[in-house]
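**Student:** Please model the entire structure based on the sequences and the hints provided.
What follows is each chain in one-letter form.
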Amino acid sequence: MTTISIEAVNAPPLRRHRRLPDKWAWLLMAVVAGILLVWEAAVSWLHLVPESFLPPPTAVAAAFVELLGRPDFWQAFVFSLQNLAIGLVLAVIVGVIVGLAVGWSPVLRFTVAPFLWLLYSTPKVALAPLFILVLGLGNESKIALVFLLAVFPIILNTMEGAVTVNASLVNAARVYNVNGVALGWKVIFPATLPYSLAGIQRGVALGFTGEVLGEFLGGAGGLGHLLEFAAYQFEMAEAIAMVFVMVIVANLLLALISALRKRLAPWYDDRQVMYGA
Amino acid sequence: MTTTTIERPEPGASAPLISVRNLTVSYNVARTGKTLTAIEGVDLDVREGEFVTVLGPSGCGKTTFMNVIAGLVKPTSGEVLVDGRPVTGPGPDRAVVFQDYALLPWRTVFDNVKFGLEMQSRLKGDGWRDRVQEAVELVGLKGFESSYPRELSGGMQQRVGLARAIVAEPRILLMDEPLGAVDALTREVMRDEIEKLIAATGKTVLFITHSIEEAILLGDRIVVFKSHPGAIKEVIETGLERPRSERSVQSEPRFLELRDHLWEALQHEATAAARVAGS
Ligand SMILES: Nc1ncnc2c1ncn2[C@@H]1O[C@H](COP(=O)(O)OP(=O)(O)OP(=O)(O)O)[C@@H](O)[C@H]1O
Ligand SMILES: [Mg+2]
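From first to last, the protein sequence lines are chains W and C.
If you're matching positions, the first sequence starts at 1 in this note's numbering and goes up one per residue.
If you're matching positions, the second sequence starts at 1001 in this note's numbering and goes up one per residue.
Since the hints were made in silico from the structure, they are not lab data.
Restraint ranges, calculated between C-beta atoms of paired labels, are given here: (1) W:L108 - C:E1213: 46 to 52 Å; (2) C:R1275 - W:S105: 39 to 45 Å; (3) C:S1245 - W:N179: 41 to 47 Å; (4) C:S1153 - W:L127: 51 to 57 Å; (5) W:V94 - C:T1271: 57 to 63 Å.
Covered stretches of chain C (chain W as the covering partner; in silico rule of three or more C-beta atoms under 8 Å from a C-beta of chain W): (6) 1089-1096; (7) 1116-1128; (8) 1144-1154.
Glycine is no exception: its CB is placed at the ideal position from the N, C-alpha and C atoms.
**Tutor:** As structure tokens, this is what we get:
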């Protein structure tokens, strides 16, 4: 056989460091601590703001801990996340399939895509009361809102990815007579995946907004409903603690998808990812 | 191995395997709304087992010419016959090594090489693993089977593309500057391997290159393209003995004569092309 001798490299593949350097992490923590301190001082010590409007961070922390021990909180938590999960799964399935089809087929691109952009730019939040009227106060109206808000960024990002698939990859497959569904599955879908994931990330953030909004407007449960209830009772510490819960959940979901993208599409790591759509 | 034609067929003993008749390809350039004639009136017959190298200035339509034979680009007029039948699309009798590698970034080296077999539903049984491994080793990438394209140099990626084409065992190998990004030393070794492989399997090869020496060293015949529009300027039989040892061939008078001739022809083309571009 051949005589070219190239030593196998055993070094791990090059990977860009994404973690913040320690120095910056410390700085960030110092800033957060500073803000909390100013907040605490302004409310509890200097009484610049009435405590009933803006409770101090210590009160919020206490409310947060108390919240975690309440069964009705966990009930609301499950209600919200369940609707969110169902809505998002539907949005991902529909969004990726529609996005691939519209991006790949020039006919669909010229006939359907303009409407997708139009719908994307429509303020769908305005439709929320309509959804609640039609679908009721239960899970269905929330799932529909999550789906509606999440599906468009997924469709449009996937579409963008499918349009920009490298033509020579398609040629490489065509040489082996790969067409239609096989081409879609073996080449177009994997090449588009990082774009889809960026769209999904945006869809998750919007979908979460949809869920909470639905619960606000006509709630039979969920974190949004609980938050509204706390606000009406003027339990501001509890309300702010609830907002923190939502921020944490949303960011965990976003981090999960980031990790997924790095795992499923590591070749895309060093490239600019399109977040918006 | 399915093709075990060890002996190279006598030149001219059979009908041509590839026959290009009065081929013209024009592209519609959407941006300007004009048509661009990439190649015009090209005629060429390639016999089974022949190694044809293609030389020509950049942009003269070499890739276009090869893509028509591969079935990836439709002729605007004229036709291409392979084994007497008009080409209507790609087929398992032809494999392509792409100028820009065209590797799938989500697949490892091994899985990229496997791609051709997989797409032709030829992964039945166990034999395919050995064949993929053999192809990987042939191009000198042993130890890199589970690397991803982004972890390889340009030349290494190019060799993956070569392995992917070879493993499918096509009758015709269409190679678009397959050694363009490879360093001089590896290039020499690879050239040697390609020659041995071709000699052993009797494959028919169309090999695009920018290197005059390479065109002479590998080719039974050399096709020289000219530009504006792309067309065949001349076809030269190298008439050098095989097997060719790089070192000894390079001092033969015939080699030197061919090299000077081709150098002059291309020089002329390059200045002509520059004049057109500048006007
Ligand atoms: N898909 C395309 N659409 C429009 N024009 C094209 C297309 N592909 C090639 N061309 C044009 O056709 C001409 C020939 O291109 P081609 O790629 O065949 O040249 P080449 O000889 O392979 O060049 P190089 O040596 O640089 O690879 C060029 O002028 C190019 O701009
Ligand atoms: Mg080219």
